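Chain order of the listed sequences is A, B and C.
Add 13 to the 1-based position in the first sequence for my numbering, that's all there is to it.
Add 95 to the 1-based position in the second sequence for my numbering, that's all there is to it.
Add 82 to the 1-based position in the third sequence for my numbering, that's all there is to it.
These aren't lab readings, by the way, just hints derived from the structure by calculation.
Please note that a few of the clues may not be correct.
As the list claims (entries may be wrong) - Here are the simulated DSS-like pairs of lysine-lysine, each with C-alpha atoms no more than 27 Å apart in a straight line:
no.	chain 1	residue 1	chain 2	residue 2
1	A	K162	C	K220
2	C	K108	A	K162
3	C	K108	B	K183
4	A	K50	A	K78
5	C	K249	B	K183
6	A	K321	A	K50
7	A	K29	A	K82
8	C	K249	A	K392
9	B	K194	B	K183
10	A	K50	A	K328
11	A	K162	B	K183
12	A	K29	A	K126
13	A	K82	A	K50
Model, not experiment: these values are computed from the prediction.
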Amino acid sequence: MEFVSQHPILVVSVIKIAIALFVVMTALAYLTWFERKVVARIQSRWGPYWVGPHGLLQPLADGIKFLFKEDVVPSSADRITYVLAPFLALALALTTLALIPIGPATISILGQKTQLVIAHSNIALILLFAISSLGIYGVALAGWSSNSKYPLMGGLRSSAQMISYEVSLTLSVVGVLLLAGSFDFYDIVGSQSGHWFHFIPKWQIIPQFFGFLCYLTAAIAETNRIPFDLPEAETELVAGFHTEYSSFKFAMFFMAEYANMITVSCLATLLFLGGWLSPFPDGWRWQLYLPAAGLILGGLALIIGGVKSWQWNAKVVFPVLGIICLGAGALCTLPGLLPVIQGPFWFMAKVFLLLFFYVWLRGTLPRFRYDQLMSFGWKFLLPLSLANLVVTSIVVMFVGARG
Amino acid sequence: MVPISYYVILSAVLFGLGVIGFVFKRNIITIFMAIELMLNAVNLAFVAFSTEFNQLDGLVFVFFVIVVAAAEVAVGLGIVIVIARNRKSLNVEDVNLLKF
Amino acid sequence: MSIPMALFIVCGALSIFGAIGLILAKEPVHSALSLILVMVALAVLYLLLGAAFIAAIQILVYAGAIMVLFVFVIMLLNAGEEVRTNLSRLARWVGLPLGIFFLAEMGYLLFHEYAGRTANAGTATGPVVASTTDLSMKLFTEYVLPFELTSILILIAVLGAMVLARKESQ
């Protein structure tokens, strides 16, 4: 206890990191479930259905499968780099989550007042881009160290794609920075507070619409998702840079890809969609009870759905989950928790919408060919983000930046 | 607090190791990387002194060193690619056509 | 042992291990990885010294772009294992001790010159000496000519790299 009182910041940071890791890893696992369900519904089929009620235990089954598979290392692979690459990819993908704040409130853990972010830095945005630019090494080293044709081609193509779209990614964000005036996420979200005409929220997506489109396209290319996932498509390059990886190392690449997706969605929410701010004007007091209302409605839907279902495990599990949701909803109406829960609720709702958009694109669009992809990145997206930057700077110079 | 002399000694050690790498290695690309190590050591000295005297000019200089290093690496690696294509080897002792 | 001192020792040791790894590695890719380790360790040291923006730029540009270029070229040129040559006897018996003696002398002189003066920055989470606003004010007012010249330099470098790496047209 003396250690706790002497180094309060360190202990509180460790607690926050533990909570964040737990939440993010669970979210990763259920993001895979969500993706498979949504893509399946787009394709008129059910998706995971049998492993647990409505396939809810599918991520657990996949995890156990990955852990128990045989770990094959190619004999001519470069051992150090081969083992290092997936660790590097996962570590970098998870590190960026330390910089992302989920709410403006100040809570107190163990008597120490802290903010809802693990590392509050006033250059958080550049640090985030710096760490995600190191993510290219995971892909390039994985492709090279496998010492085989398909991974090498896939790795080089994938990392070339990531480098090309990284330039457009960072340039499309500079417009937001010019309007907000700071690299700190709290200031950027703060510059989006308030409403025009009393009901249109001042989110950056409205003045920076083309910036948002550039950012979203570049982000999908950065994270190697459809429609930009040629380097790892099965029909093209036999799974690309992670062909020679098995069991847990492959699972780490998998998790790194989804963690990158979550990071990029969080960043888009913070920069363009107003972060933790609600779209309704502040005067409407009923919006404070939206989290509670949402949870209670969700709980009721789960109970009714569970009772009506014909799967025996769904009949048991869903009502229990529904009662837990009802309890959580009732907790959200407590006056102590009410102001704290607003920020994270809106933040997670927006991130969830963006992730749904990602999965929707995956189920709908075909792939780009590699040369189409590269020429799109360099010949269309980069000039568009540069033009966005120039126009924004001209407007800021003549009109003056918003506060 | 960490005394400034520690940072400068670390910078000197890194610079010395860079010189050793530059002199004793055979692969052109590794020699190039030793040059980058020397530049990084110098950057560390600049930042340390900029903090010591509380001036920002050191940091501006570091900014320019990084930019110039980027340009130099781009052109230098282009030259390395041409050498590898022509001499079919990355050993620096094979680039000896002008040897007396 | 305060936290800044512990952090300095850890990052200093990491950077020296990386530099030694650069020299002793047999494969060029391992040398590149060691150099990336050095750069990341140095970025943490810059953060300790209060230059947060420079630390971010170091990782973003140096470790995230320049070293990626190195790794790409090593992979494309398929640089194999380094040929082991024996150090000449002069280097091993005279050069190395002289080098170590020189380093020790420099360390002694620097230590006594700067004994007592400590770094002005606070702890790792303390007040930052260089805010981005001040740095960019200096960059765009006093140093605007070098800034514009480096932009021309980058343009020349891009053109040069493209011309050099192009296959000779038959």
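Here's how the hints hold up against the structure:
1. Restraint check for K162 (chain A) and K220 (chain C): not satisfied, since their Cα atoms lie roughly 50 Å apart, outside the 27 Å limit.
2. A distance of roughly 23 Å separates the Cα atoms of K108 (chain C) and K162 (chain A); the hinted pair therefore holds under the 27 Å criterion.
3. Distance check on the hinted pair: K108 (chain C) and K183 (chain B) sit about 20 Å apart at the alpha-carbon level, within 27 Å; holds.
4. At most 27 Å may separate the alpha-carbon atoms for a hinted pair to count; K50 (chain A) and K78 (chain A) meet this at roughly 19 Å.
5. At most 27 Å may separate the alpha-carbon atoms for a hinted pair to count; K249 (chain C) and K183 (chain B) meet this at roughly 15 Å.
6. Annotation: proposed proximity of K321 (chain A) to K50 (chain A) holds, straight-line Cα distance about 20 Å (limit 27 Å).
7. With a C-alpha separation of about 33 Å, the suggested pairing of K29 (chain A) with K82 (chain A) is violated against the 27 Å cut-off.
8. For the proposed pair K249 (chain C) and K392 (chain A), the alpha carbon gap of about 22 Å is at most 27 Å, so the pair holds.
9. Restraint check for K194 (chain B) and K183 (chain B): satisfied, since their Cα atoms lie roughly 18 Å apart, inside the 27 Å limit.
10. Taken as a hint, the K50 (chain A) and K328 (chain A) pair is honoured in the structure, with Cα atoms around 20 Å apart against an allowance of 27 Å.
11. Between the alpha carbons of K162 (chain A) and K183 (chain B) the distance comes to roughly 22 Å, so the proposed pair stays at or under 27 Å and holds.
12. A C-alpha spacing of about 12 Å is found between K29 (chain A) and K126 (chain A), which places the hinted pair at or below 27 Å, so the restraint holds.
13. Of the supplied pair hints, the one linking K82 (chain A) and K50 (chain A) holds, its CA atoms being roughly 25 Å apart against a limit of 27 Å.
Hint compliance for this structure: hints 1, 7 are broken, all remaining hints hold.
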